[in-house]
Amino acid sequence: MATTQSPSPNSNDDKPQAVSAEVVQQANQVQQDVRPEATKQGVPASVFVNSEPIREDQVSNAVKFLSHPKVRGSPVIYRRSFLEKKGLTKEEIDEAFRRVPDPSPSSQPASLSQDGQANSLSSVQTQAPIQTPQPLPAAPTGIVSSGRVARRQFQWYHAVSAVGLLAASGCGTALLIKKVIIPKLKLWVRKVVLEEDNVYAKKIDAKPSLAEEAAAAAKAAAAAASDVAKASQEMLNSKNEERRRFEEFMNLMDAQVQEMKSMSNSIRKLEGQANSSGRAFSDHDDHRASASSTKQSYANGNVDLNVQPGRTSTLPASAEPPHPKSFMEKMEMIQRGEKPSNIREVNDMPPNPNQQLSNPRITPRTKPWEAQNGPRQVLQSQTSAEGLNQNGVDSGLNYLVDDESSTPWWQRKNVRITEIENEDEVKAAGSYGVKTNEQPSVQRTWVPPQPPPVAMPEAAEAIRRPKSAPKETAMQEQLADEQSAARPSEVTDELQRITKMFSTAGKLNKVSSYQVALKVFKTRDTFYLRVRTFQHDFVPRDPKAKPKKLKYPQFYDPYGPRPPPSDKIVELADCISALSPEERGQIGPTLMERLRHPKMQTITVEGMELGSQGGAGAGAAKTEEKKEKTTFDVKLEKFDAAAKIKVIKEVRAFTNLGLKEAKDLVEKAPVMLKQGVTKEEASDIMERIKATGGVAVME
Amino acid sequence: MPVFKTPFNGYSVRFSPFYESRLAVATAQNFGILGNGRVHVIDLASSGPVINELIAFDTADGVYDVAWSESHDSVLVAAVADGSMKVYDTALPPQANPVRSLKEHAREVHGLDYNPTRRDSFLSASWDDSVKLWTLDRPASLRTFREHAYCVYSVAWNPKHADVFASASGDCTVRIWDVREPGSTMIIPGHEHEILSCDWNKYDECLIATASVDKSIKIWDVRNYRVPVSVLNGHGYAVRKIKFSPHRRNLLVSCSYDMTVCLWDFMVEDALVGRYDHHTEFAVGVDLSVLVDGLMASTGWDELVYVWQQGMDPRAA
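As you go down the protein sequences, you meet chains A and B in turn. If you count the first sequence from 1, position 587 lands on 589 in the working numbering, and the numbers rise without skipping. If you count the second sequence from 1, position 53 lands on 74 in the working numbering, and the numbers rise without skipping.
Just chain A, same shape as in the assembly (with noise of 0.2 Å):
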């Protein structure tokens, strides 16, 4: 197959020359290279496209092949398959297929005549190089006005040929019909007429018949035909055990049903002429039922049959692998018509085809190359709530770590266990769910028994930047991150390079990578790498530090320094941790439809579901406090105007609420104080309250 490329030369052309000139000319411009020349034409968007030019050799070799008349006569879609396997682009195949010729002959004359070639030959083959040298872009419209002629010549002819055909064939049935049919029709309606004679005639001869006479034909009709039925039972019944046996035996299954129809006929006939009988009907009917049974499973046997070929076709005669001797004696079996017996019939069809899906518990993780390829594409990709996916990563790289050095059943960090921490010191600033670091503290809180990163200053720095927008702010943390865990990440970054070499080297050795990176980070001691392509803030677990003991908050209050939810929403969350479990589960999908919001929704319900679920145990330990009247809460109802800077005063004595959240507070009365508190606290409060000028209740 020709890799060469040749540019189009039909910009080139504007006369059609002669063949011979053309493939010199083109074989010339195949020795040029050719990639700057493509490159040159036009750089598509997309790498995923082909951005060859269409190469003329191909396209004409394409039209030949296309004009042959063999080929004329085959579907379309192998045509264009054989093109495809021969290596053709789609541009290619659908140029060639424009240049194919029309195949009547009295088109050739008019695309003649347009190339001003008086001497071209009839034959079609001889047209195809002709034509191919026409230039494309000088005068298509010239072409495709003589094949609208060459076309609407073509009708008329092929509509006149039509219509004599037509014609001529009327003529011969009609012809037939007198000749042969109809002598056979008048025999038939002839000897349907008979018929009915003579079943009028015997209806007529039966009914002026006494009933006495009528009787006793019918009974000794009945007697005849029940001893006829019986014999035949008999002859059944044996035959059948008979047939049965063979059946498990032979699978004669077409003949046996055969049979079964035509005693099934006869015994119907004797029916027919007695009156009773009834166990023959049973028995007939048991039989019938066996049959269709039998009949019908060996109907899906064929129809499975059919299915095969594709099964079994994909490996070619030539080289096919040993199968397995009970794949070959399945094959065989299945050809032959049986079905094998551990097959039953399973209904897999789904109980509810309106079933939700149940919801996600846990966010989609980075890959592993996406992770690599920069935290940009992170940041801009749609990933859910937990935007930057620090969690996932994370979580990623730990089993990458373990994973190398042991077995594959490893020891899980408990991940939720430093969330809970995290969330704590954070306080789960913002509805992102995000472990973002805002704490003015520079110590992180998974920063492994190392020497500390002298880049603190810079991270310190790069974090109290103002927060502009939350896209920028996440970028500054990211950068903050990196650069407070600038040692772990220029440690792992060396991992990877390692691990490249390694594995370039052809061999995956079984080096501990935390064994490397360790080395790798005291020969470097003092050397910074900020290298901003690998950003993670994973660290490699010390093994030889001491579980970290951690902390745990005694409740789980987010609502901690914020001012305290408006009434209304303390009520929702009642109601919500007042459900049971399946109902809380109904909240997310239910808000979701309400808020439609794809990018918030995640957030918030996760936030929600989050907050609704950790608290759950809290906040029910809460609830029941207060419906135990142990704790209570204290709400401020109104206050003296003049004594507003007093009140205020005192509200933040006790809530430690900056000034402007307890001036806020305060005006927005009657609202909640505080909660939870005993009632000697609760009264206390009330009574400074008072004292300043205001009026509290406790609840």
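Errors might be hidden in some of the hints.
Unchecked claim - Quick list of in silico lysine to aspartate or glutamate cross-link-like pairs, EDC-like style, CA-CA up to 20 Å:
no.	chain 1	residue 1	chain 2	residue 2
1	A	K88	B	D235
2	A	K332	B	E324
3	A	K92	B	E213
4	A	K92	B	D242
5	A	K92	B	D199
Unchecked claim - Not close to chain A: a few residues of chain B, all C-beta gaps over 10 Å, as computed:
no.	residue
6	K26
7	E74
8	I76
9	N118
10	R159
11	S162
12	K223
13	V250
14	S251
15	N254
16	G255
17	D298
18	H299
19	R336
Calculated directly from the structure, the hints in this document are not laboratory data. Here a beta-carbon is modelled for each residue, glycine too, at the ideal position from N, C-alpha and C.
On the provided structure of chain A, position chain B as indicated by the hints.
Using the frame of chain A, we list chain B on its own:
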């Protein structure tokens, strides 16, 4: 290394993208020619080399492939040989499964792939020459890509470009499609025989590998697809499935009808890096874990599923 014995012949095995220790296995009775099928969801126990079966779903016809959802951690899709696809949710009680039955293909559905970047859609490759695009929330397919001239054996999404995918077919070509375009954007006439599997390199979005009945695996660069980047020979029979490693740039794994699973590094002169011949029948399914570097699983017609760490012997105790 643990082994899981399935009652039927294995066809495909896939690691879950959410749980490191979870896999799904697609099996079919009577080698998939005729009979029932079953999807097993299995879990690697953390204590000792044991594999537990979490749940199994029976189907009326053989299951040829299975794919985990990238958006829901408990949802998986199974490709059934009667042309339908069943969606299962392991978090729902077993009586509620399957959650959906998507039947549009006229012939067997042979391949499935879930979009790893966009996470919401998946493709099905069928022997009725078409590829269909689906999402979990719609009962009907979104797009049908019908251009192949013979059975489509496998589809693979590009790991970087969420709209691009490749399909490998028995008409000996691989087509690259863009879901935004009406037709295929590129045709790679890769082999002289049927192409059974294709996969993209996770770290270089222009590299695609194809495995064919002619026992070779070829790596192509779509920017220059006339000549393969590399040809990997070494299998004794047709290569059934290939998968690029999600953790290493140059590594890919393949399984073949010669009952071996081979590891290749295509940038190296002597590309065969590892060979595992633990199966006693055709090895038809292989997968590498995205979450755990080096963890791989394979299944074959000998009704066994092996899970082992690269470099170790899968049959070792």
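Does N118 of chain B sit more than 10 Å from chain A, CB to CB?
Violated, because the least Cβ-Cβ distance between N118 of chain B and chain A comes to about 8 Å, which does not exceed 10 Å.
Is K92 of chain A close enough to D242 of chain B, meaning Cα to Cα at most 20 Å?
holds (18 Å)
K92 of chain A paired with E213 of chain B [C-alpha distance capped at 20 Å]
Distance of about 19 Å is within 20 Å: holds.
Over 10 Å to the closest beta carbon of chain A is the bar; see if I76 of chain B clears it.
holds (14 Å)
Exclusion check [K26 of chain B not at the chain A interface, CB over 10 Å]:
About 16 Å separates K26 of chain B from the closest Cβ of chain A, which puts it past 10 Å; holds.
Against chain A, does S251 of chain B keep a CB gap of more than 10 Å to every residue?
holds (14 Å)
K92 of chain A and D199 of chain B: Cα distance at most 20 Å?
This hinted pair holds, its Cα atoms lying about 15 Å apart.
Outside-interface status for D298 of chain B - nearest CB in chain A farther than 10 Å:
holds (14 Å)
In terms of Cβ atoms, is chain A entirely out of 10 Å range of S162 of chain B?
holds (16 Å)
Verdict on K223 of chain B as a residue remote from chain A, using beta-carbon distances over 10 Å:
violated (4 Å)
Reported absence of R159 of chain B from the contact zone with chain A (all CB gaps over 10 Å)
Given a closest Cβ separation of 12 Å, the condition holds.
Hinted pair, alpha-carbon criterion (20 Å max): K88 of chain A, D235 of chain B. Please report holds or violated.
holds (17 Å)
Hints 9, 12 from the earlier list are contradicted by this structure; the remaining hints agree with it.
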